[in-house]
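**Q** The listed protein sequences derive, respectively, from chains A and B. The first sequence: position 102 = 102 (my numbering), numbered continuously. The second sequence: position 214 = 538 (my numbering), numbered continuously.
No wet-lab data here; the hints were simulated from the structure. Computed from a predicted structure; not experimentally measured. From the three backbone atoms N, C-alpha and C, an ideal C-beta is built for every residue, glycine too.
Here are the simulated distance ranges between beta carbons:
| hint | chain 1 | residue 1 | chain 2 | residue 2 | range |
| --- | --- | --- | --- | --- | --- |
| 1 | B | Pro-386 | A | Gln-312 | 48 to 54 Å |
| 2 | A | Val-40 | B | Phe-466 | 16 to 22 Å |
| 3 | A | Ala-173 | B | Leu-409 | 47 to 53 Å |
Under the rule of at most 27 Å between Cα atoms (straight-line distance), these lysine-lysine pairs were calculated in the DSS-like manner:
| hint | chain 1 | residue 1 | chain 2 | residue 2 |
| --- | --- | --- | --- | --- |
| 4 | B | Lys-338 | A | Lys-108 |
| 5 | B | Lys-513 | A | Lys-11 |
| 6 | B | Lys-513 | B | Lys-437 |
| 7 | A | Lys-15 | B | Lys-513 |
| 8 | B | Lys-511 | B | Lys-524 |
| 9 | B | Lys-511 | A | Lys-12 |
| 10 | A | Lys-12 | B | Lys-437 |
| 11 | B | Lys-338 | A | Lys-106 |
| 12 | A | Lys-11 | B | Lys-437 |
| 13 | B | Lys-595 | A | Lys-108 |
Listed below are several chain A residues computed to face chain B (Cβ distance under 8 Å; list not exhaustive):
| hint | residue |
| --- | --- |
| 14 | Tyr-13 |
| 15 | Val-126 |
| 16 | Met-145 |
| 17 | Ala-206 |
| 18 | Ala-285 |
| 19 | Leu-301 |
Below are the chains, spelled out letter by letter.
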Amino acid sequence: MIRLPLEMRTKKYWKETAEAYLYLLPAFVILGMFSFYPVVKSIYMSFFDWSLLRETQYFIGLENYERILNDSVFRTAITNTLRYVIGYVPISIALGLIVAVLLNSKIKLRGPLRVAYFLPWVTSSVAISMVWRWIYNQHYGLLNMMLAGLANVVNTVVEFVTFGHMTEVWQFANPNWLMEPQWTIINIVIISVWQSLGYNMIIFLAGLQNIPHELYEAAEVDGASPWQSFWKITLPLISPTTFFISIISIIGAFKLFTEIYVLYTGRPGPVNSGMTIVYYVYRNAFERYRMGYASAAAYILFAIIFIFTLVQMRASRSRIHYGS
Amino acid sequence: MLAEHQMWQYRLRKRVTRGLLYGVLIAGAALMMLPFIWMITSSIKAPHEMTLRTIQWLPEVPQWQNYKIAWEAAPFDIYFRNSFLIAITVMFIEVIFSSLAAYAFAKLRFFGKNVLFVLFLGTMMIPGEVMLIPNYITMVNFGWVDTYYALIIPWTVSVFSIFLLRQFFLSIPHELFEAAVLDGCGKLKYLITVMLPLSKPALVTVMLFKFIGSWNSFLWVLIMTNTPSMRTIPVGLTYFVSDVGSYYNYLMAASTFAMAPILILFLLLQKQFIQGIARTGLKG
Numbered sequence: 001m002i003r004l005p006l007e008m009r010t011k012k013y014w015k016e017t018a019e020a021y022l023y024l025l026p027a028f029v030i031l032g033m034f035s036f037y038p039v040v041k042s043i044y045m046s047f048f049d050w051s052l053l054r055e056t057q058y059f060i061g062l063e064n065y066e067r068i069l070n071d072s073v074f075r076t077a078i079t080n081t082l083r084y085v086i087g088y089v090p091i092s093i094a095l096g097l098i099v100a101v102l103l104n105s106k107i108k109l110r111g112p113l114r115v116a117y118f119l120p121w122v123t124s125s126v127a128i129s130m131v132w133r134w135i136y137n138q139h140y141g142l143l144n145m146m147l148a149g150l151a152n153v154v155n156t157v158v159e160f161v162t163f164g165h166m167t168e169v170w171q172f173a174n175p176n177w178l179m180e181p182q183w184t185i186i187n188i189v190i191i192s193v194w195q196s197l198g199y200n201m202i203i204f205l206a207g208l209q210n211i212p213h214e215l216y217e218a219a220e221v222d223g224a225s226p227w228q229s230f231w232k233i234t235l236p237l238i239s240p241t242t243f244f245i246s247i248i249s250i251i252g253a254f255k256l257f258t259e260i261y262v263l264y265t266g267r268p269g270p271v272n273s274g275m276t277i278v279y280y281v282y283r284n285a286f287e288r289y290r291m292g293y294a295s296a297a298a299y300i301l302f303a304i305i306f307i308f309t310l311v312q313m314r315a316s317r318s319r320i321h322y323g324s
Numbered sequence: 325m326l327a328e329h330q331m332w333q334y335r336l337r338k339r340v341t342r343g344l345l346y347g348v349l350i351a352g353a354a355l356m357m358l359p360f361i362w363m364i365t366s367s368i369k370a371p372h373e374m375t376l377r378t379i380q381w382l383p384e385v386p387q388w389q390n391y392k393i394a395w396e397a398a399p400f401d402i403y404f405r406n407s408f409l410i411a412i413t414v415m416f417i418e419v420i421f422s423s424l425a426a427y428a429f430a431k432l433r434f435f436g437k438n439v440l441f442v443l444f445l446g447t448m449m450i451p452g453e454v455m456l457i458p459n460y461i462t463m464v465n466f467g468w469v470d471t472y473y474a475l476i477i478p479w480t481v482s483v484f485s486i487f488l489l490r491q492f493f494l495s496i497p498h499e500l501f502e503a504a505v506l507d508g509c510g511k512l513k514y515l516i517t518v519m520l521p522l523s524k525p526a527l528v529t530v531m532l533f534k535f536i537g538s539w540n541s542f543l544w545v546l547i548m549t550n551t552p553s554m555r556t557i558p559v560g561l562t563y564f565v566s567d568v569g570s571y572y573n574y575l576m577a578a579s580t581f582a583m584a585p586i587l588i589l590f591l592l593l594q595k596q597f598i599q600g601i602a603r604t605g606l607k608g
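Just chain B, with the same shape it has in the complex (with noise of 0.2 Å):
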């Protein structure tokens, strides 16, 4: 009897633990998302419906005309065309550059190999801001402001994707390498044939990383830009607010679309995305 009363005590427990768990969790992913939520519900309201005082979750007509009102009222067309040009270009250069640097310094033995590897590494540690200034000044004497080639070139080549990749190479058993090499296959056509189809996946994660640390970069394009013809869909939108002032119901149409195209491409490549934050702290 009283075995079947602890059981059931204990049973009793670990139900109220459960339910702890979901609900703390639960809740904790609601206020999580609540900004997000607060934002479009907003981006659909009528004027009237942003300056109430009370919580008012959704608009009573959903106001759809507001996106393309807030479309229209800045050059958004031109601002995500640059930002997909930029992204795109950037992430393709940057995978190749890393891919080949990677290479060399996973499988390769060569003169000067750990001296060089650790000055890329040190890059690393240095913010970025200590580069800003002497970086702006050489864009100014190379007549690149303003010009797509300040927002690309700088940014195709990054110690972070060189770090990873190299360690995802490594892993990869090196007698392959050997008996490739020594069957006449050029080191070139490994890369591309062998090496680079098996790390699909840590190609994927340093993809998805720059496309993303594009798409969002801020400051580099705030100062390289100054007509709105080369505007990238961030510094964009901070011109916006100041055009439109408080209008938040169009700012948050703004803002959503702004952020649509990382939201879509991150649900998609979740997990992939994941894995790949995983990996890094992991090697870190």
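Excised from the complex, chain A in its bound form (with noise of 0.2 Å):
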């Protein structure tokens, strides 16, 4: 006979076994039926020929797999995913720490520009999608107008320095930038480290005052730089938080898909430059109706996630310092 642990031969345990079961119960029905159940389906179905414009379903094994990772369209929205995440994660993190780092010294006007960095990351992304798609409107976009005119500073600059030898150095071009495919995935990243970057800020912020502010004054007696500091001081302590924010980053960064539905109005950017992953999925799953090949293509998603992740911990496992 198995013998229990002593806790557990008592009568009080079990009692309170069945409260903390009572208590979790609600929890437990919503997270079973909506997240423990699909993770589960969608592994089932993307095994099958899936449709929901039919009764029955069609076992296919592993044929959407295999049809999802020779279609082309499938290879650009990876492409296109893993470029967003290249272009947007390492920018977002930099500069949120920049902006974390300056804000922490002793300055008046802290909580107002901390709000001011801050504030885009509240706002909805399908309202402030619209906005952007305004700021870069060919003709009428403030980031035009103000390249334009910044142009016309330089060159003006240029001209007067050179003794009018050299003339119109930049020549601005007039870019259409929602129409011309190579700048649709350098757009999102713009608006999406203006959104995220306050977010970072405010992690690192709180990352940073954790660092015992000895350290600094021990340095400074000992005559380094805040240049040398940042780097030997900071940069170092402050490893868990970056560990942190670039892991949720980059899980976030894979989902990419609000953003390009709502700047390019419910399509995949001009010649699929914005297919993404979750676009992929998106469009296989509720314009086209085939689930189980959308499943698959989750599923992948999910894989990739999950291999990045793990990867990533392996490899900061050494270069993380964790304090005390």
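Please assemble the complex out of the two chains, which come individually in their own frames, going by the hints.
**A** Structure (structure tokens):
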């Protein structure tokens, strides 16, 4: 007979267990229905030719996966998503850290500045993507008008400095940001960096508060420049925070959808230049009703995110400095 | 003499770096605010002012009626009502469910606790997109498409909130709990009368996150609603775009009032909000 641990042999323990399960019941039911069950169900569905438009579904084994991996549109989706991740994640982390370090010094206006940097994060992606659509407008958009103004200033200055030898060094081409496919991912990176920088900044600020001030004082006494302090003290000691932010940023970045959908009014950008993995899932599931196929694509997304996270955890293990 | 000279140099250098610091930070903040400023000034411009080829920061005569025109061009009153109704309901149910679950995980000893906790946390690793399709089918089977049920019930539990509250509950001394239970205080009563009042900051954080998340949520509402009467603000806004096309002054007016509730909420509660986010980062 298996002997239960001492604690488990008391009536009190089982009474408490019953009570605990009662408290967990609502959460468990909801999670069971809308998280645990669908996770299993979508694996199952991914092996079927599953259409909402008919009653019976056909088992096709790994065919969905095979077809997805051979689909050139899916490959475009992967490339676009990766380009986005590689562009967005480092920039938003670096800028978040820079602003946090600057704000962490004793300055006035700290509160209002923090709010200003953070504000974009709370706004809805839909509303804000709409605003950016207007900013990116080729003829009347703020971006092109500002760039044209900047080009004008640069040209004038260069002309003046070179005594008129160099004119029109920057010929502003008035790019059509939303129509030319090479800009699509860059457009989205700009919006995302703008929107998430403040969030990273807040988390970095919290991390910076945990670095003992004496370290900086000691460094200053030893004649270290602020630049050296940053590289030798701040950066190593903030690394757990950096790690946390990079994990959640990467996971979030792989799920890019809403910004594309709104910026390009329900299309994945010109010539699929904004086709992302989630957009691919959305299109197959809810525009073409190929549920099994889309489930397989969603699982491939999960696998990619999982591998990325795992690699990151492995790679960072030796490099992250965890304090006592 | 030399010392004085050095002192002077030191002070000058300090001043210059200080000035530079302010300059960079303020310029950056201005850049961050620019899209909002441009949105608001565009929203009160006259049609001919929207097609200028040079920057005009302020309209000659503010066209406040743009807001009225935009508001009446689509059923925004319904969208707002839906967004508020859903966000508030989800927020309250969620905070109750999450507190109960977090309390069990933090203070009670029970069979299968660690397994369940890991199982709960595991769902945070899986992208919602994986669950999207089976959940859609579940909704179709329940006949919940285009109903409030579909927009509320799946979102009434969040593992993230449970985790956050659990961490906070753990920081409340356990002796307090033991003493109260010994004195015959029921566990549920203890949660309501002692734990929750002590956990106000964490509760506010969880509720704020949920409200904003619900208000801004897009993809689920997009696939779950077919009729205008069920749409929320973000989804309504995307349909509004296809209706008014490139009348950007009306679009900017609509974007402004779509953001307004969240911006106001944030400005009122920014301290709790920022502390809340900082907390999630540290515990993560």
